[in-house]
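Undergrad: In case you want the letters, here they are:
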Amino acid sequence: MKILIAFVMAGLAATSMAYGPAAKLIAGYRNTGAGPFSPDAGRSAWTQEHPSSSGAGMRSCASCHGSDISKAGRHAKTGKPIEPMALSVNPARLTDAKTVEKWFRRNCRWTLGRECTPQEKGDFIQFITSQ
Amino acid sequence: MKKTISIIALGILSIASIGVVMSSSEWSEREDEERYGKEYESDDHEDGVFRDAWLDSRADVHPAENQIYQSECGGCHFAYQPGLLPGKDWERIMDSLVEHYGDDASLDELQTAEIRGYLLDNAADRARLSRARAFSAGSDAGDGLPRITNTRYFKREHYEIPARIVRSNAEVGSFSNCQACHRSAGAGIYNEHQVVIPGVGKWDD
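Protein sequences, first through last, are from chains A and B.
In terms of numbering that gives the first Met the number 0, the first sequence is residues 0 to 130.
In terms of numbering that gives the first Met the number 0, the second sequence is residues 0 to 204.
Any given hint could turn out to be false.
[Said to hold, decoys possible] In silico SDA-like pairs for lysine to any residue, Cα to Cα no more than 20 Å straight-line: (1) A:Lys97 / B:Asp103; (2) A:Lys79 / B:Asp203; (3) A:Lys97 / A:Asn30; (4) A:Lys79 / B:Arg91; (5) A:Lys101 / B:Met93; (6) A:Lys70 / A:Gln47; (7) A:Lys79 / B:Arg166; (8) A:Lys79 / B:Asp102; (9) A:Lys76 / B:Gly10; (10) A:Lys79 / B:Gly185; (11) A:Lys79 / B:Ile147; (12) A:Lys79 / B:Asp94; (13) A:Lys76 / B:Asp103; (14) A:Lys97 / B:Ser167.
[As the list claims (entries may be wrong)] Just so you have them, the derived chain B footprint on chain A, three or more residues with Cβ under 8 Å: (15) 34-48; (16) 68-82.
Just so you know, the hints here were simulated from the structure itself, not pulled from any lab data.
Ideal placement from N, C-alpha and C gives every residue a C-beta, glycine not left out.
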């Protein structure tokens, strides 16, 4: 009985990551053939460093957002405070697909020098949702 | 005769003192009714505007009221009012959003068009406020990119600020970080009476 409850809870926990505000985005990426998505892959991609096109030094998502996304970040150049990314701390994150895609486009291009693939985006979303 | 003179003197004194009280900076100029009405509207003390000793300051540069501009452009840096650069500089910026001072600031076509229109309509060379018009007086070449900090008016106003209390100041960092010292910059108020440099204090000439 306890094991059954444990499985049900685990199942619910797993599905809760697939539902919620980011569900549509994840579904969209799945349609392109990407997946399965993993929060751990998202986490390691988050702190992975990339050379900048201007030769100004390495950059990663953490350069502005920090590696602990439950805390506020700051823009690497202007110092402007950035609200935490973690969904548990900031439930407004990931609620508008257009906004999410806009920031993916800009920030992936700045950090990686290219657009993120649907696989990478899905992993990032799972990471943000899991925090 | 004495009475007349003293009445006239009293009259002149009252007018002079009203003038002192009403003028908060050497750029005082009553521009138009619209702005006059606007500033008296915001006369409650909840708008976060740093108060002068006498009356509230009026905007030197018209505040950036376009919502899309505020959210899209104010997302990474201070939402510089359109009146701080001439139209031709805003054009160059809007034409090169993909390479925006080292960042990618690209927007969709609709937003780009709307923001471009807003900036050009309210640029320094079209501004009605005299302090904003001053920003259209020309820039130095610098690194070739349009920069408010390279405009001649900006340089003149900031030449006596030692670079170290800005650039080596962790809470400021750069002259581009207006609101770090100009506490009411968000409201378009830049007069020197409202300058508080973090770690240094008021900077009143």
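Undergrad: When you check the alpha-carbon spacing of Lys79 (chain A) and Gly185 (chain B), does it fall within 20 Å?
TA: holds, 14 Å
Undergrad: Checking C-beta pairs, does the stretch 68-82 of chain A have three or more residues closer than 8 Å to chain B?
TA: With 5 residues closer than 8 Å to chain B, the stretch 68-82 of chain A meets the three-residue bar; holds.
Undergrad: Holds or violated: Lys97 (chain A) and Ser167 (chain B), Cα atoms, limit 20 Å.
TA: Not satisfied, since the Cα-Cα distance of roughly 38 Å exceeds 20 Å.
Undergrad: Within 20 Å, alpha carbon to alpha carbon, are Lys97 (chain A) and Asp103 (chain B)?
TA: Since the Cα atoms of Lys97 (chain A) and Asp103 (chain B) sit roughly 17 Å apart, the hinted pair holds (cutoff 20 Å).
Undergrad: Would the pair Lys79 (chain A) and Asp203 (chain B) pass a check requiring their Cα atoms to be no farther apart than 20 Å?
TA: violated, 26 Å
Undergrad: Cut-off 8 Å, C-beta pairs, minimum 3 residues; does the coverage of the stretch 34-48 of chain A by chain B stand?
TA: It is violated, with 0 qualifying residues against the three required.
Undergrad: Holds or violated: Lys79 (chain A) and Arg166 (chain B), Cα atoms, limit 20 Å.
TA: holds, 16 Å
Undergrad: Is the Cα-Cα distance between Lys76 (chain A) and Asp103 (chain B) 20 Å or less?
TA: holds, 13 Å
Undergrad: Is Lys79 (chain A) within 20 Å of Ile147 (chain B), Cα to Cα?
TA: It holds: about 18 Å lies between the C-alpha atoms, which stays within 20 Å.
Undergrad: Against the 20 Å threshold, does the CA-CA distance of Lys79 (chain A) and Arg91 (chain B) hold or violate the hint?
TA: With a Cα-Cα distance of about 24 Å, the restraint between Lys79 (chain A) and Arg91 (chain B) is violated, given a limit of 20 Å.
Undergrad: Does Gly10 (chain B) lie within 20 Å of Lys76 (chain A) when you go C-alpha to C-alpha?
TA: Not satisfied, since the Cα-Cα distance of roughly 56 Å exceeds 20 Å.
Undergrad: Take the C-alpha atoms of Lys70 (chain A) and Gln47 (chain A), compute the straight-line distance between them, and say whether it is at most 20 Å.
TA: holds, 19 Å
Checked against the numbered hints above, the structure violates hints 2, 4, 9, 12, 14, 15; every other hint is satisfied.
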